[in-house]
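A.B. asks: So for the sequence shown, this note's numbering puts the first residue at 1; every next one is plus one.
Keep in mind the hints are simulated off the structure, nothing from the lab.
Where hints are given, some of them may not hold.
Claimed, not checked - Straight-line C-alpha distance at most 30 Å; calculated BS3-like pairs for lysine-lysine:
#1 Lys61 <-> Lys81
#2 Lys48 <-> Lys59
#3 Lys88 <-> Lys106
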Amino acid sequence: MNVSAHDSTGLVSITEAATLLTADGDPIDRSTLSRYVSRWAVALSPAKLGRETVVDYEKLKLHRAENIRLDAKPLAKAVTKSDSQARKLDADARLRELDLAEREGKITLRSEVAEAAQVAIAELRAALDAAVNDAAEQIGHAVASEPRLIRPALRKMVAKGFEAFCERMRSYSLGVTAGASESASSKPAEHS
């Protein structure tokens, strides 16, 4: 039993709905549409009419327009053996370039960058502590006060600045790490 779209109820069979949707620019086959209607049965309210499942075509079309992004990405074309070979050749060439760059010292390992950053932060902290002492002495002489009274305020200022600096470094590090984990599957070793 094939229910016509011109029926006064607007109900059409799954087969006819698939044909109509495809004609309206939403390519879908009967089997996929049947699963879609089953999945969204609460919203689409399909009914049985004899042996056929029928659905309101306009309701279905609107639901798919709101829930399916047709222009998001075109259907992938079938991958041929030559496509696979071309991707493999490209990947092999990239690996060779990475190996050569590493041998020439043009690549720094992420672990080396992280270690250097930790050393730099420790040196920065020591330099700031020394600067606090020197600045407290200078300010104390300039305002006729004891440096021991000025030092705590300067340390608080440096601590706040250092905390902000560390937070920025942490967020930068998380961004770099996230980028590395996304591309880790295509690289033999972690590099920066």
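A.B. asks: Any hints this thing doesn't respect? Which numbers, in order?
C.D. replies: Per hint list: single violation, 1.
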